[in-house]
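Sequence order for the protein chains is A and B. Using the working numbering, the first residue of the first sequence is number 115, and each one after it goes up by one. Using the working numbering, the first residue of the second sequence is number 115, and each one after it goes up by one.
No lab work stands behind these hints, which were simulated from the structure alone. The structure displayed is predicted, hence computed values, not measured ones. Be aware that a few hints might be false.
A pair counts as met if it fits within one copy or between any two copies, since identical chains are not told apart.
Stated by the list, open to error - SDA-like cross-link-like pairs, simulated, lysine to any residue; straight-line CA separation at most 25 angstroms: (1) K364 with T552; (2) K176 with A162; (3) K401 with W254; (4) K262 with G215; (5) K176 with T442.
Number of protein chains: 2
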Amino acid sequence: MAEKKMVEAITAMEEDFAQWYTDVVKKAELVDYTSVKGCMVFKPAGYAIWELIQSQLDARFKATGVQNVYLPMFIPESLLQVEKDHVEGFAPEVAWVTHGGLQPLQERMCVRPTSETLFCDFYKNDIQSYRDLPKVYNQWCSVVRWEKETRPFLRSREFLWQEGHTAHATAEDAEARTQQMLNVYADFCEQVLAIPVVKGRKTDKEKFAGAEATYTIEALMHDGKALQSGTSHNFGDGFAKAFGIQFTDKDNKLKYVHQTSWGMTTRLIGAIIMVHGDNRGLCLPPKVAPTQVMVVPIAQKKEGVLEKAEELRQILADKGFRVKVDDTDKSPGWKFAEQEMRGIPVRIECGPKDIEAGKCIICRRDTFEKIEVSFEELADKVAEVLDAMQVEMLERARAHREANTFVAKNMEELEAIFAEKTGFVKAMWCGDRACEDTIKEKLSVTSRCMPFEQEELSDTCVCCGKKAQKMVYWGKAY
Amino acid sequence: MAEKKMVEAITAMEEDFAQWYTDVVKKAELVDYTSVKGCMVFKPAGYAIWELIQSQLDARFKATGVQNVYLPMFIPESLLQVEKDHVEGFAPEVAWVTHGGLQPLQERMCVRPTSETLFCDFYKNDIQSYRDLPKVYNQWCSVVRWEKETRPFLRSREFLWQEGHTAHATAEDAEARTQQMLNVYADFCEQVLAIPVVKGRKTDKEKFAGAEATYTIEALMHDGKALQSGTSHNFGDGFAKAFGIQFTDKDNKLKYVHQTSWGMTTRLIGAIIMVHGDNRGLCLPPKVAPTQVMVVPIAQKKEGVLEKAEELRQILADKGFRVKVDDTDKSPGWKFAEQEMRGIPVRIECGPKDIEAGKCIICRRDTFEKIEVSFEELADKVAEVLDAMQVEMLERARAHREANTFVAKNMEELEAIFAEKTGFVKAMWCGDRACEDTIKEKLSVTSRCMPFEQEELSDTCVCCGKKAQKMVYWGKAY
């Protein structure tokens, strides 16, 4: 059977999660590979998810006073080198432009891997007085990092993102904005992507090159691996001192600004796939589903069937749903399998008998539940089902995370857990870099964050047994 | 006076149009220069105009079935070279990436100046059957062209644009899409930007590198120079043959696809400035004004004034207008000058006496007309004034173009006109490249297009006197 073939072509996630992921991104037609090594094409189905992420995240930004700008994609080498930690972090992985037209450049430039240096160079002239503060700017763009190993959405040489860059009069204002944007990210992940996240601070080892503090939201994928899903950095006045960004304050004194930056990327699409997907393919949360409802006419050649399907589409479109009719000449079974692969949240089945009885069938992508509903009640029921999916997908992901979050009180326990399982492990830490290095080396796991919601699991560091300072989440990361 | 100083800082357009333009883009805070030569920063006021252009143009695209995608920003050199005319057109003006991280690349890559070659490389694998056609894809991105002389919005080394790339089963379908998108562009310019355009075809000399036919919309700026505002290209099957993009048609035969591409860029912002601006600064058509209405409280320290201003703002915001209150501690006169500089379409003045009388003043940016209106009628009146501005700005621009469009029947007339005036000149042409070259060399003007609305001005070519084939618009171009 044709529909079976389509499903069989996906590897089961229990068998080989990495291959399942690759199969889904290809079969759901989200991306394609290109002649440009490590770079990919976002096909319509993949890019449309990004458009929905972008518009909803942008609205949340603007509600907090963010203004969008656009800065150049090139950074002159001398500019990248101004802040010492920053250049060390990024120089090994940038793409260098050396020629413009037929001439070699006087100074080579890299394609931005991130734009802190460009924003600093801009703010240096744009900020003069306390009246010019705060600056709360953001840009939507693509960035390039010359990765050796790449995977669609998760790690590619070019990816799409937003990068916020702000400047403030005081350290307190900068810290407040850093936390505010982390909260925007966490709320967005949970309410829009239906992905629960752990909010916390990165250890010094894992923080951003040039930051005083990096905050992160960490999500757990279906295979138990962690995905860093958004970060927010407080730079203090480090960049300001390196670039000379000063302002005259109300007291007439010249002071350095305090800065932040924060970013989310197209890897969120990878998170959606790996949190909600199943062996039939992608499963999209309704709020980021380019098509929320697909009407599938059954026995569509019979009189009145296609007309009814179109009528139902129109009713739902008028209510503001993103809805289509699949009137191709494929069999209903093939269409079902295809739409399940593409993660369309709701399918409506409607054939001659249904029409006669004045009803149709709603089928949920997440639970495969089938609900009979009269035409009159269809729009209300679809709204109800989509709302329920959005909520329940988050709940299921949260339950999965809870079931895969463990506690270790000493190295034996930590080793035993990671020998058997993949998930988050909560453990106490003394705060020494040496212990963090030891755990990473021995177990091939990294500290994901020091969560804001601390617990006192024990008094002693899981590694060295000295007095514990912080509870840390450990995990294998993408 | 402070407010005078702000206005005096702009050069009058009659005195030095180029300097007036530069003054406006700086003083209206649309852009800033950067350390990256030839590249600029889009500041919030400038980028917000682009966001409004983008969202409205994108909605028009999607209404015609366009789907958005995203392709890599890099083009391997071998890929750029596949189509002969295309590489000759672009190779001299691209930026080359030669190193990734610390290693030299095996093959250098350019930063895309346009993406025909990438789309062809993608379509080659993505299109197999007539069922896969048409492909009607578009991407929003930035592109790089290594220009020697640059001007904000009009010509910069990096600019933002959209590029549509389509593939069709037949030559007729490709031609229809090429024309359809030109019409979308023309309608968008007139209805949204209030800029009238001449639609026509480029001569072979002026067409896009690799195209069979290039269609264009040409607008006339306030100084009489022409600005190419959007182009739509029909490639026939030239790229398809060069790249091997074939499909199996319904008759089971293998055929080459027919392709198109079409683009509009951030230079449209330059067009808005140069068509609608005046000696007080920018004047934005309401549909692309990030702030459509600014409420200016008069004597704002008096009791109830700021509260009333905020109340008016809320009334207008609830009706869907983009509206703000200027409650800074600047004088009203300063605020008026500043908002005129920034091109905000409508200003509302409201002070203690107005409040007592239950009314306020609406002031139009384009005509400076002042209209007294009661609070109850404010929202309706604002809607009416914004609608009127949108229509009348287009009418005024059209009248200006008509007044600056001339006719020449022979070289003496053509020379005489361009010696005295800058504008469009309509003249007959025999179709020979030699005549086009002669006119360009002698008069430093270029053929803008062969308009779709042809007229028979005379029987003979303006240059050689041989039999005329086409009427051409000539002009000095940006």
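Can you tell me if K401 and W254 fall within 25 angstroms by alpha carbon in one copy, between copies, both or neither?
For K401 and W254, the Cα distance is within 25 angstroms both inside one copy (20 angstroms) and across copies (23 angstroms).
Should K176 paired with T442 be assigned to within, between, both, or neither, using CA atoms and 25 angstroms as the limit?
Classified as between; 21 angstroms across copies, 41 angstroms inside a copy.
State whether the alpha carbon distance between K364 and T552 is at most 25 angstroms within one copy, between copies, both, or neither.
neither (49 angstroms within a copy, 64 angstroms between copies)
Checking K176 and A162: alpha-carbon separation at most 25 angstroms within a copy, between copies, both or neither?
Both: 21 angstroms inside a copy, 12 angstroms across copies.
Within, between, both or neither: how does the pair K262, G215 come out at a Cα-Cα threshold of 25 angstroms?
Between copies only: 10 angstroms across chains, 28 angstroms inside a chain, cut-off 25 angstroms.
Hint check: a violation occurs at hint 1 only; the rest are consistent with the structure.
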